[in-house]
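Engineer: Chain by chain, the residues:
4 protein chains.
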Amino acid sequence: MNLARRTTTEALGTALLLATVIGSGIMGDRLAGGNVAIALLANTLATGAALVALILTFESISGAHFNPVVTLAEATTGSLKWRDVPAYLLAQMSGAFIGVAVAHLMFSEPLFSVSQHVRAGSAQMFSEFVATFGLLAVIFSCTKKKPNAVPFAVAAYITAAYWFTASTSFANPAVTLARMMSDTFAGIRPVDAPGFILGQLLGGAAATILFRWLLVDKAETKNVHEQRTGEGAEIFSKGMIE
Amino acid sequence: MNLARRTTTEALGTALLLATVIGSGIMGDRLAGGNVAIALLANTLATGAALVALILTFESISGAHFNPVVTLAEATTGSLKWRDVPAYLLAQMSGAFIGVAVAHLMFSEPLFSVSQHVRAGSAQMFSEFVATFGLLAVIFSCTKKKPNAVPFAVAAYITAAYWFTASTSFANPAVTLARMMSDTFAGIRPVDAPGFILGQLLGGAAATILFRWLLVDKAETKNVHEQRTGEGAEIFSKGMIE
Amino acid sequence: MNLARRTTTEALGTALLLATVIGSGIMGDRLAGGNVAIALLANTLATGAALVALILTFESISGAHFNPVVTLAEATTGSLKWRDVPAYLLAQMSGAFIGVAVAHLMFSEPLFSVSQHVRAGSAQMFSEFVATFGLLAVIFSCTKKKPNAVPFAVAAYITAAYWFTASTSFANPAVTLARMMSDTFAGIRPVDAPGFILGQLLGGAAATILFRWLLVDKAETKNVHEQRTGEGAEIFSKGMIE
Amino acid sequence: MNLARRTTTEALGTALLLATVIGSGIMGDRLAGGNVAIALLANTLATGAALVALILTFESISGAHFNPVVTLAEATTGSLKWRDVPAYLLAQMSGAFIGVAVAHLMFSEPLFSVSQHVRAGSAQMFSEFVATFGLLAVIFSCTKKKPNAVPFAVAAYITAAYWFTASTSFANPAVTLARMMSDTFAGIRPVDAPGFILGQLLGGAAATILFRWLLVDKAETKNVHEQRTGEGAEIFSKGMIE
Numbered sequence: 016m017n018l019a020r021r022t023t024t025e026a027l028g029t030a031l032l033l034a035t036v037i038g039s040g041i042m043g044d045r046l047a048g049g050n051v052a053i054a055l056l057a058n059t060l061a062t063g064a065a066l067v068a069l070i071l072t073f074e075s076i077s078g079a080h081f082n083p084v085v086t087l088a089e090a091t092t093g094s095l096k097w098r099d100v101p102a103y104l105l106a107q108m109s110g111a112f113i114g115v116a117v118a119h120l121m122f123s124e125p126l127f128s129v130s131q132h133v134r135a136g137s138a139q140m141f142s143e144f145v146a147t148f149g150l151l152a153v154i155f156s157c158t159k160k161k162p163n164a165v166p167f168a169v170a171a172y173i174t175a176a177y178w179f180t181a182s183t184s185f186a187n188p189a190v191t192l193a194r195m196m197s198d199t200f201a202g203i204r205p206v207d208a209p210g211f212i213l214g215q216l217l218g219g220a221a222a223t224i225l226f227r228w229l230l231v232d233k234a235e236t237k238n239v240h241e242q243r244t245g246e247g248a249e250i251f252s253k254g255m256i257e
Numbered sequence: 016m017n018l019a020r021r022t023t024t025e026a027l028g029t030a031l032l033l034a035t036v037i038g039s040g041i042m043g044d045r046l047a048g049g050n051v052a053i054a055l056l057a058n059t060l061a062t063g064a065a066l067v068a069l070i071l072t073f074e075s076i077s078g079a080h081f082n083p084v085v086t087l088a089e090a091t092t093g094s095l096k097w098r099d100v101p102a103y104l105l106a107q108m109s110g111a112f113i114g115v116a117v118a119h120l121m122f123s124e125p126l127f128s129v130s131q132h133v134r135a136g137s138a139q140m141f142s143e144f145v146a147t148f149g150l151l152a153v154i155f156s157c158t159k160k161k162p163n164a165v166p167f168a169v170a171a172y173i174t175a176a177y178w179f180t181a182s183t184s185f186a187n188p189a190v191t192l193a194r195m196m197s198d199t200f201a202g203i204r205p206v207d208a209p210g211f212i213l214g215q216l217l218g219g220a221a222a223t224i225l226f227r228w229l230l231v232d233k234a235e236t237k238n239v240h241e242q243r244t245g246e247g248a249e250i251f252s253k254g255m256i257e
Numbered sequence: 016m017n018l019a020r021r022t023t024t025e026a027l028g029t030a031l032l033l034a035t036v037i038g039s040g041i042m043g044d045r046l047a048g049g050n051v052a053i054a055l056l057a058n059t060l061a062t063g064a065a066l067v068a069l070i071l072t073f074e075s076i077s078g079a080h081f082n083p084v085v086t087l088a089e090a091t092t093g094s095l096k097w098r099d100v101p102a103y104l105l106a107q108m109s110g111a112f113i114g115v116a117v118a119h120l121m122f123s124e125p126l127f128s129v130s131q132h133v134r135a136g137s138a139q140m141f142s143e144f145v146a147t148f149g150l151l152a153v154i155f156s157c158t159k160k161k162p163n164a165v166p167f168a169v170a171a172y173i174t175a176a177y178w179f180t181a182s183t184s185f186a187n188p189a190v191t192l193a194r195m196m197s198d199t200f201a202g203i204r205p206v207d208a209p210g211f212i213l214g215q216l217l218g219g220a221a222a223t224i225l226f227r228w229l230l231v232d233k234a235e236t237k238n239v240h241e242q243r244t245g246e247g248a249e250i251f252s253k254g255m256i257e
Numbered sequence: 016m017n018l019a020r021r022t023t024t025e026a027l028g029t030a031l032l033l034a035t036v037i038g039s040g041i042m043g044d045r046l047a048g049g050n051v052a053i054a055l056l057a058n059t060l061a062t063g064a065a066l067v068a069l070i071l072t073f074e075s076i077s078g079a080h081f082n083p084v085v086t087l088a089e090a091t092t093g094s095l096k097w098r099d100v101p102a103y104l105l106a107q108m109s110g111a112f113i114g115v116a117v118a119h120l121m122f123s124e125p126l127f128s129v130s131q132h133v134r135a136g137s138a139q140m141f142s143e144f145v146a147t148f149g150l151l152a153v154i155f156s157c158t159k160k161k162p163n164a165v166p167f168a169v170a171a172y173i174t175a176a177y178w179f180t181a182s183t184s185f186a187n188p189a190v191t192l193a194r195m196m197s198d199t200f201a202g203i204r205p206v207d208a209p210g211f212i213l214g215q216l217l218g219g220a221a222a223t224i225l226f227r228w229l230l231v232d233k234a235e236t237k238n239v240h241e242q243r244t245g246e247g248a249e250i251f252s253k254g255m256i257e
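Protein sequences appear in the order of chains A, B, C and D. For the first sequence, the residue numbers in my numbering are 16 to 257. For the second sequence, the residue numbers in my numbering are 16 to 257. For the third sequence, the residue numbers in my numbering are 16 to 257. For the fourth sequence, the residue numbers in my numbering are 16 to 257.
Each hint should be verified, as a subset may be incorrect.
Copies of the same chain look alike in the list, so a pair counts if it works inside one copy or between any two.
Unchecked claim - Each computed DSSO-like pair below joins lysine-lysine, with the alpha-carbon atoms no more than 27 Å apart: (1) Lys-96 with Lys-161; (2) Lys-96 with Lys-160; (3) Lys-159 with Lys-96.
Keep in mind the hints are simulated off the structure, nothing from the lab.
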């Protein structure tokens with residue numbers, strides 16, 4: 016797959032993911048009659064289902080990261096070449112903001128609006144650490160051991176994490192930045208975003224370190240080294256997407 | 016499979032799909048005590064689950080389109096012969112109206128009733144564009160890369176799209192026309208139907224153009240040409256459904 | 016598998032299915048604060064999930080029918096020997112009543128209590144016809160074409176049918192008789208049961224006739240004949256449960 | 016896999032499971048506006064989804080027991096060596112308490128707090144017997160006959176059991192002990208815990224006895240004997256986790 020197709024796919028997938036998160040948040044909020052749990056149930060159901068559909072649809076083209084932390088982790092483990100990382104990140108960021116605008120257009124909201132939704136404090140940051148740690152745990156292990164199950168495992172994980180973390184599990188810096196520009200159910204105040212992203216990066220780093228030990232044996236360590244230096248990356252990537 | 020079996024299957028599957036959409040809408044509306052979010056959650060759960068069951072059940076016979084946009088897209092890409100298209104569309108249209116009547120009979124409603132449900136405006140039409148674009152994206156990519164996952168990917172997508180689009184994602188002209196004749200939760204005013212169908216056709220066309228580029232490489236382009244002119248269509252279709 | 020293991024399995028599986036239907040009905044009803052849609056959502060989620068688990072668990076032993084209409088249909092198509100049918104039906108009936116008692120014990124209700132839940136009228140009977148027709152359609156086609164998907168297809172179908180039929184889709188004579196003895200959310204007045212069972216039998220018969228035409232070609236017709244007369248049944252059954 | 020990796024995995028998986036149970040209980044309770052059914056729906060959805068993700072993620076390393084009853088049952092059937100059992104139980108217990116603390120930190124609750132949640136009486140204990148019997152039935156049969164379906168079967172079973180048992184199906188002694196230390200939605204009074212654990216152990220024992228008869232034929236009995244005495248355990252375990 017050439018890079019143009021892969022970055023288009025990352026942008027498109029991230030846009031549809033954001034459209035789902037924002038759009039279903041607005042719909043849930045409008046219809047739930049003030050019961051936040053019902054609105055969040057709708058938001059959760061839509062996001063989990065969208066992840067199943069979007070990862071199944073796009074993983075064979077770009078790997079379906081839709082998330083800078085995932086892209087960085089894949090580069091660290093050698094499944095993505097470092098020289099492709101900037102294009103992936105740019106595609107995810109652009110797609111995320113486009114997705115917010117698409118959701119707002121569908122629901123007759125202003126194209127962008129700065130969120131007033133307070134998500135402050137260390138408990139929220141710790142929630143993002145846990146959420147992203149768990150997400151990377153699922154991705155590292157399933158990519159290696161159960162590649163066909165990745166779409167279902169990731170979607171199931173996020174479905175759970177919407178409820179078991181206090182922050183509703185953003186777990187994604189591109190998503191976090193784009194959600195600053197939506198003054199709706201799923202938004203986040205810009206001032207709270209850096210703390211979220213810090214928690215996400217630390218959680219991703221912790222998972223990367225732990226799962227290198229949990230998953231890689233000596234024989235494989237050699238292979239990972241080879242992947243980083245040449246064609247190995249293609250092969251691993253091909254195995255991952257089956 | 017001969018054409019009689021395939022069109023019977025398209026009519027039956029579309030009828031059961033419409034019975035689900037209309038029937039679960041009525042049930043949700045009657046029981047939810049005025050909370051529209053709860054009614055729509057029930058409607059969503061039933062529709063998503065029905066799509067899993069119906070596509071698994073019928074795709075090996077007819078391809079389980081249940082949707083004129085899907086049938087047209089499959090003909091465009093060569094997986095369905097153009098000479099079978101009119102019979103498919105007729106079967107889907109007939110099935111859709113039968114399904115509405117079956118739902119009404121089960122819930123002791125008049126056989127048909129013209130809907131008063133207003134779904135007007137450009138945001139609604141744009142929602143249908145997005146909804147159908149996404150549906151075709153899922154179908155094009157999964158049919159080619161993950162054929163066994165199609166039932167789950169389509170059902171998951173529609174589950175999400177009920178909530179992330181402002182129109183609750185009709186994404187299907189046969190469904191749209193039949194829902195004009197149900198003055199219940201899931202209905203649509205006849206005057207609003209043409210805008211929905213226009214959005215759906217444009218969304219389907221946009222996805223067809225984009226995914227031809229995203230998915231087809233040069234070697235395959237030649238194959239697609241062959242499929243359109245002869246027996247190739249059977250082979251591709253066979254691969255698609257198992 | 017000898018018959019003792021298979022009938023024990025049918026009794027156990029049907030008991031757990033009934034415990035789920037009755038138990039989750041009581042739990043939903045007690046907690047939902049009068050919102051019947053929320054209670055039915057809980058009842059639906061539990062029943063659909065239980066069917067996934069129970070069919071995956073028990074199909075390799077007995078075929079996981081848990082339903083006299085399914086047993087009769089399998090005998091008609093030759094996948095079950097007619098001489099095993101009485102033992103299957105008896106096991107399902109016994110299991111169903113045991114399951115009701117188990118649920119009542121768990122929720123501190125009387126072991127059995129005659130239901131006062133009115134489910135009368137031709138629309139209810141027609142709903143059972145549609146519900147059982149659809150269930151058999153799913154089973155016939157998926158058993159033959161997608162055997163590994165049967166647990167998910169059946170569970171998804173029933174999840175949908177709880178909402179798209181006006182009767183909440185009993186679709187099972189053993190379940191119907193046992194639910195007469197539970198004066199709780201999921202019960203049915205004894206006087207309404209015969210109409211339900213009639214609808215179920217007619218729906219099952221209609222599906223059997225239609226899918227014989229939709230699914231069986233000439234070459235296979237000969238095989239079905241052989242299965243009925245000898246060892247063929249074992250082979251087909253083995254293929255089905257994989 | 017060496018034992019350090021496997022016990023780390025058991026601790027980590029059990030911690031994430033408890034964080035999900037407690038965390039989603041708090042979130043559901045806070046947002047549901049007093050409707051306990053809605054809070055329990057959220058708790059159920061999160062727990063079921065987490066089980067799919069966690070078992071897919073960790074079963075290839077440790078078998079993903081997360082539950083002393085499962086560990087004991089696997090040792091009884093020869094799939095785990097008895098000498099590994101103490102380390103597994105210790106890891107599960109430690110992980111469970113860590114998970115409770117993590118959830119409390121995310122939701123700004125005290126690290127531990129003794130639960131006041133009354134769950135007393137024989138109906139509750141019988142519920143735990145049924146819940147654990149069913150869980151082991153699912154695990155025994157699917158591990159042997161459908162190993163790839165285990166994550167989905169277990170998650171679906173627990174999703175159902177949250178609603179069809181009166182105790183919301185703890186079905187796990189480590190989970191039971193840790194939930195004593197959370198005075199939140201999912202907690203249990205310490206005085207009620209022994210009855211729960213007794214019910215769980217009896218349910219597990221009953222399932223172990225019944226499924227030895229239901230699942231093992233004469234030829235296999237010999238193999239099980241061999242597994243207990245030597246390297247066979249590795250082989251069976253390898254087959255289980257695919």
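Engineer: Name the hints, by number, that the structure is in violation of.
Structural biologist: none
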